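A.B. asks: Sequence:
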Amino acid sequence: MGPAGEVLWDVALPASPSRLPGATMAGFADRGRTPAGLRLIPPPAVTLALVFGPGTVVLSGAAGRGSVVAGLGFGTTRVRQAADFSCVQVRLPPAVAGAVLGVRPAELGGAFVALDDLWGRDAARLAERLSETSSWDERFALTDAVLARRAEAGPAADPEVAWAWRRLVRTRGLVRVERLASEVGWSRKRLWSRFQAQIGLPPKRAARLVRFDHAVHRLVAGQEAAFVAADAGYADQSHLHRDVRAFTGITPATVAGEPFLTVDDVAWPSSR
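In full-length UniProt numbering, the protein residues as written are 1 to 272.
These aren't lab readings, by the way, just hints derived from the structure by calculation. Keep in mind that this is a model prediction, so the values were computed, not measured. We put the CB at the ideal spot given by N, CA and C, even for glycine. Hints are supplied without guarantee of correctness; some may be wrong.
Unchecked claim - Restraint ranges, calculated between C-beta atoms of paired labels, are given here:
#, residue 1, residue 2, range
1, Asp117, Pro269, 30 to 36 Å
2, Ser238, Thr133, 45 to 51 Å
3, Ser16, Gly249, 34 to 40 Å
4, Ala153, Glu132, 45 to 51 Å
5, Leu13, Glu128, 21 to 27 Å
6, Gln237, Glu107, 35 to 41 Å
7, Ala36, Gly110, 22 to 28 Å
8, Gly53, Arg78, 17 to 23 Å
Go ahead and model the full structure; you've got the sequences and the hints to work with.
C.D. replies: Below is the structure:
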């Protein structure tokens, strides 16, 4: 959705869940209305955008015009140019992403990276195959098969790290790091080190991102900031304001109308 409820993209969803645990997909087709300057808001996932077809998308701070990947908490990024593009967007749990991408999320540095730089010619081949495929169901099946095959050969995260990430998500970022460490049988220092290296953020900041995601979607749904702050575990409304600013660069009142967020209930219903 855009200003005044304008539909910016056609959205398609897969009929079946991904073979990769926790991974979700959605298909986007531009209606020629994606505005330059569109702000991208970081989800609690590694984001893979497989761009195909004749159109282009150019992001601030990202090289090239094709498919991109971004680690957790990628910061304030905007669309510089977009025209008649289609893409399969995949949200990967960070504990799974390292195996799929061939590099740990920490190596992405919280920035958008051209998929060509990670996969070489395989990125272009996948884009070509997606362009040649006639239906979204086939595109989702193709994407899932490629990602599942890559996941089998890539580096797996420690089971303790994967469990700690899932626990953060289930508790909406409200579990303390000390408790996480105790539950996996590690010292706080060991959990911090392994988690940072394999997930891409230290546990405390990852918890902030998960909590922010929950809170910001409550704001999009029209709930009052004071209520959201209390319910999401913030110390007060000012604390919520600071976190929204830190992850988006804008205020809670402004973020509630961002198109990148308002489409989430359609594109990612299972995560709401």
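A.B. asks: Which constraints among the numbered hints does this structure fail? Numbers only, ascending.
C.D. replies: 4
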